[in-house]
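These protein sequence lines map, in sequence, to chains A and B.
Counting along the first sequence from 1, when you hit position 7 you're at 7 in this note's numbering, and nothing is skipped either side.
Counting along the second sequence from 1, when you hit position 367 you're at 367 in this note's numbering, and nothing is skipped either side.
Simulated from the structure, these hints should not be mistaken for laboratory data.
Note that the structure is a prediction, hence the values are computed from the model and not measured.
There may be inaccurate statements among the hints.
To be verified - Label pairs and their calculated CB-CB ranges:
#	chain 1	residue 1	chain 2	residue 2	range
1	B	Ser372	A	Asn131	54 to 64 Å
2	B	Ser192	A	Ala85	22 to 32 Å
3	A	Ala85	B	Ala254	50 to 60 Å
4	A	Asn131	B	Glu402	49 to 59 Å
5	B	Ala254	A	Ala39	43 to 53 Å
As the list claims (entries may be wrong) - Below, in silico cross-link-like pairs of lysine to aspartate or glutamate (EDC-like), each with a Cα-Cα straight-line distance of 16 Å or less:
#	chain 1	residue 1	chain 2	residue 2
6	B	Lys77	A	Glu130
7	B	Lys162	A	Asp175
8	B	Lys66	B	Glu403
9	B	Lys473	B	Glu516
10	B	Lys162	A	Asp174
11	A	Lys150	B	Asp53
12	B	Lys468	B	Glu403
13	B	Lys77	B	Glu369
14	B	Lys468	B	Asp125
15	A	Lys124	B	Glu369
16	A	Lys78	A	Glu95
17	A	Lys78	A	Glu130
18	B	Lys77	A	Asp174
19	B	Lys32	B	Glu516
20	B	Lys110	B	Asp336
21	B	Lys473	B	Asp53
22	B	Lys110	B	Asp465
23	B	Lys110	B	Asp125
Said to hold, decoys possible - Only some residues are given here: those of chain B computed to face chain A with a beta carbon under 10 Å:
#	residue
24	Gly33
25	Gly157
26	Gly198
27	Met357
28	Pro363
Think of the CB as a built atom: it goes at the ideal place given N, C-alpha and C, for glycine as much as any other residue.
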Amino acid sequence: MTTPRSVRSMTRRELLSSGVAAGSALVVGGGFVAHSTEAWAMEPTTLSPHAMATLVQMARDIYPHDAIADAHYAVAVKSHDESAAADPAYARMMESGVRVLDTIAGNRGFPDYLGTGWELDRVKILRSVENQEFFQAVRGGLVVGLYNQKEIWGHFGYEGASFEEGGYLYRGFDDIAWL
Amino acid sequence: MSAPFDLTDDSVVVIIGTGAGGGTLANELAQKGISVVALEAGGRHLPEDYINDEWPSFSQLAWLDKRTTSGGWRVAKDFSGLPAWIVKAVGGSTTHWAGASLRFQDHEWKGLTHYGEIEGANLLDWPIEPAEMTDYYAKAENKMGVTLTNGIPGLPGNNNYKVLEAGARKLGYEHVSTGRMAINSQERDGRSACQQTGFCFQGCKFGAKWSTAYTEIPAGEATGNLEVRENAHVLTIEHDDGGKVTGVVYADPAGNRHRQAARAVCVAGNSIESPRLLLNSASSMFPDGLANSSGQVGRNYMRHMTGSVYAIFPEPVRMWRGTTMAGIVQDEARHDPSRGFAGGYELETLSIGLPFMAAFLDPGGWGREFSSAMEGYENMAGLWIVGEDMPQESNRITLHAEEKDQHGLPVPNVHFTDHPNDVAMRNHAYRQGAAIYDAVGATRTLPTPPYPSTHNLGTNRMSADASKGVVNKWGQTHDIANLFVSDGSVFTTGAAENPTLTIVSLAIRQADYIAEQMNQGML
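Work out the full structure: start from the sequences and follow the hints.
The following block contains the structure:
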């Protein structure tokens with residue numbers, strides 16, 4: 001991902017959702033989502049930056065791994081922007097899904113989904129929509145989109161392909177010591 | 001040298017499918033000097049092509065043609081388009097299988113006799129006596145190089161096995177070992193010993209695991225009597241006015257159709273495609289499909305009572321290192337109705353990689369309950385439960401009324417609902433599996449639901465009585481003398497054991513029968 005060339009002025013809504021209230025480090029700008037500490041940003045072509053930022057937060061809330069950086073969740077949801085670019089109906093489904101999350105959050109006294117501070121409160125919002133097409137599209141995409149990123153396998157200890165190393169016959173297939 | 005046979009050559013035996021049944025039968029017939037054309041829907045992939053990466057490998061090997069599902073099984077909800085995880089390639093699912101090679105227990109050949117009538121179950125005895133299979137099992141074990149037979153040492157146990165073994169011993173289980181596996185523990189037949197790579201399900205890159213793709217098929221081709229035509233997807237079987245089959249129609253990758261004439265046809269497309277092909281071959285003479293006078297084609301679909309137990313420990317296990325199915329507990333495989341169910345089950349270690357764990361641990365699950373289990377991946381051990389499930393007439397493969405495949409033919413629908421006996425057995429196995437791991441300090445156990453089916457059985461079952469099944473004791477259809485079924489769909493009942501060794505043994509036996517019938521001028 002690229003770093004945005006300039007940070008344009010933000011709307012009030014974007015400022016509200018720019019991370020501080022959410023306990024998240026996502027910065028939503030005009031045309032981009034950036035991260036306040038990780039060196040990445042993305043510029044969605046079809047979905048709004050607010051929707052993309054919401055998807056990133058939603059991805060973390062669906063499969064929370066606290067030691068995995070936002071960048072990997074961003075990669076995991078990026079394909080929704082591509083699908084939205086190819087299919088206006090898909091784009092509408094994603095944008096309206098995000099609006100529903102924000103509306104529910106608003107009804108519960110939060111600024112929006114991103115502005116809902118505690119994971120527990122966000123998860124309650126997600127539980128209320130988990131049978132809907134929008135949620136299932138996001139969750140379903142994450143199973144492969146997140147866990148099939150080789151860059152995060154190390155976090156789980158998973159070593160991936162072994163053939164190139166000659167298998168594990170001489171590399172610890174039976175090295176368990178605690179039994 | 002493989003022998004190219006003419007499309008109009010009606011002296012050839014046509015075999016549809018090149019997996020455990022079809023691939024073995026093709027080689028056995030070729031070795032006897034019989035001309036064989038084997039038609040394989042998939043392409044030819046060999047060890048150098050296999051991929052140590054679960055999703056790309058799945059795309060390379062899995063049967064992904066359109067299928068639908070129905071019934072009470074959770075697969076219909078979570079994987080509605082993927083009822084089975086099997087392979088479309090030369091070698092069929094012997095590319096993907098884990099290698100467990102267990103003989104049936106004697107009583108399992110006679111399910112109805114030993115279990116009695118069970119409500120809702122369509123139990124039947126196999127028309128085969130256990131003693132008839134002894135020599136064929138021995139031939140299959142020798143051919144496949146099964147460990148702990150023929151003087152072949154067992155495989156060394158990996159970490160996942162060591163955890164299972166220690167827990168099982170603490171529980172008092174006695175029949176615990178690295179099992180009988182068609183994976184070389186030492187070099188044999190020009191194939192390497194197991195290098196403990198993991199990824200048995202993705203095709204063994206060392207060729208240490210027996211697969212027809214690089215054993216039976218090239219051996220048959222070397223005789224000059226076998227031609228394997230890959231990417232040849234059989235659509236229908238044709239017959240003459242006398243009710244004998246005369247050839248098959250298949251599509252090539254461009255969608256062009258060809259007709260291969262045949263002296264006899266052997267169907268070995270796995271238990272979903274085989275009945276589908278018979279049903280799709282319906283004609284005015286056989287309006288309900290070929291060989292279906294009993295109405296049993298497609299019925300009695302079995303998939304083994306399965307499930308998994310994963311367990312998380314305080315320390316690393318790294319279960320993915322080494323053979324996927326690295327050991328077995330067999331104490332629960334017996335028939336002992338005092339446990340509350342008929343038949344028995346095996347407990348076999350299993351490991352799946354992180355990408356597949358995310359897909360299969362708790363399909364649809366999310367939130368910290370799910371992700372914290374994934375966090376425990378490095379410290380996980382795992383086992384797979386494989387037990388006998390009850391044949392039920394209503395569990396069946398049918399042709400979908402509207403959905404068509406890429407060739408314009410109705411897709412198969414796979415309908416399955418657990419029998420109460422299956423549920424009782426699974427719950428017992430979940431408890432025992434968890435107890436094994438608890439005994440060695442598991443801090444969390446995860447009873448994991450069945451995956452899309454790998455053991456697909458029973459949809460063209462064997463029967464002595466032609467009104468109760470599709471094929472006789474030789475796999476020859478009751479209705480059409482030169483039409484055979486040569487895969488796991490002939491299973492009358494499923495037994496507790498992984499089916500491949502029995503499929504291979506039956507194929508060797510069927511080859512003897514076909515050759516004998518030819519010599520006698522019957523075929």
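Hint consistency between lysine 110/B and aspartate 465/B [alpha-carbon to alpha-carbon, up to 16 Å]: The hint holds at about 14 Å.
Restraint check, 10 Å cut-off on beta carbons, for glycine 198/B near chain A: holds, 6 Å
16 Å Cα cutoff - pair lysine 468/B, glutamate 403/B: violated, 29 Å
Evaluation of the interface hint that places glycine 33/B against chain A, nearest CB under 10 Å: violated, 39 Å
Pairwise hint evaluation, aspartate 53/B against lysine 473/B, where the allowed Cα distance is 16 Å at most: violated, 41 Å
Straight-line alpha-carbon gap lysine 78/A to glutamate 95/A, limit 16 Å: holds, 14 Å
Hinted pair lysine 110/B and aspartate 336/B, Cα distance within 16 Å: holds, 15 Å
16 Å Cα cutoff - pair lysine 150/A, aspartate 53/B: holds, 10 Å
Hint validity - proline 363/B Cβ closer than 10 Å to any chain A Cβ: holds, 9 Å
Proposed proximity, aspartate 125/B with lysine 110/B (alpha carbon, max 16 Å): holds, 4 Å
Given hint glutamate 369/B paired with lysine 124/A - CA-CA distance at most 16 Å: holds, 14 Å
Outcome of range test on Cβ distance (alanine 254/B, alanine 39/A; 43 to 53 Å): holds, 49 Å
Hint check: violations occur at hints 1, 2, 3, 4, 12, 13, 17, 18, 21 and 24; the rest are consistent with the structure.
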